[in-house]
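S.K.: Sequence:
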Amino acid sequence: MPIPILKLHNYLLISIQTEIDDQTAIQFQEDLLDKIHKTGATGVVIDLTSVDIIDSFIAKVLGDVVSMSDLMGAKVVLTGIQPAVAMTLIELGIHLQNIPTALDLEQGLIKLHQELGV
1333 MPIPILKLHN YLLISIQTEI DDQTAIQFQE DLLDKIHKTG ATGVVIDLTS
1383 VDIIDSFIAK VLGDVVSMSD LMGAKVVLTG IQPAVAMTLI ELGIHLQNIP
1433 TALDLEQGLI KLHQELGV
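For the sequence shown, the numbering used here assigns the number 1450 to the last residue and increments by one with no breaks.
Just so you know, not all the hints are guaranteed correct.
Heads up, simulated DSS-like pairs for lysine-lysine below, C-alpha to C-alpha not over 30 Å straight-line [to be verified]:
| hint | residue 1 | residue 2 |
| --- | --- | --- |
| 1 | Lys1443 | Lys1370 |
| 2 | Lys1392 | Lys1443 |
| 3 | Lys1392 | Lys1407 |
| 4 | Lys1370 | Lys1339 |
| 5 | Lys1392 | Lys1367 |
| 6 | Lys1339 | Lys1443 |
| 7 | Lys1339 | Lys1407 |
| 8 | Lys1407 | Lys1370 |
Just so you know, the hints here were simulated from the structure itself, not pulled from any lab data.
Start from the sequences, fold in the hints, and give me the full structure.
M.R.: Written out as structure tokens, the structure is:
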């Protein structure tokens, strides 16, 4: 099932509401990059509030999505990272350094405004 990507002004908002498998992650990556290209979005907020478990592949895809989005001119903010997900990422040696984060979607939008200097 594809992950919905909503457009709000020049931003794309994604709220991942289900655990994602490898195939869904790859499809999400392709869909998001296509949407950035088609809309010219300058910012992306990916809300992970409903994600309780993350593995190394999904974490790598998320990191890749951030890098690829940046190459396409869209800044990404990750929101709602749960404590168990944060611990897992660190235990896996995956440090999402230089990736802005926020506690929730509202703070993520504020952070995105700051990152873009709007």
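S.K.: Each hint should be assessed against the structure and marked as holding or not.
M.R.: Hint check:
1. In summary, the hint linking Lys1443 to Lys1370 is supported, as the alpha carbons are separated by about 24 Å, within the 30 Å threshold.
2. Annotation: proposed proximity of Lys1392 to Lys1443 holds, straight-line Cα distance about 23 Å (limit 30 Å).
3. Under the criterion of a C-alpha separation no larger than 30 Å, the hint pairing Lys1392 with Lys1407 is consistent with the structure, at around 17 Å.
4. The hinted pair formed by Lys1370 and Lys1339 meets the criterion: a straight-line CA distance of about 11 Å does not exceed 30 Å.
5. Taking the CA atoms of Lys1392 and Lys1367, the gap is near 20 Å; set against the 30 Å cutoff, the hint holds.
6. Simply put, Lys1339 and Lys1443 have alpha-carbon atoms about 17 Å apart, close enough for the 30 Å limit, and the pair holds.
7. Restraint check for Lys1339 and Lys1407: satisfied, since their Cα atoms lie roughly 14 Å apart, inside the 30 Å limit.
8. At roughly 16 Å between alpha-carbon atoms, Lys1407 and Lys1370 fall within 30 Å of each other, so this suggested pair holds.
The structure meets every hint from the earlier list without exception.
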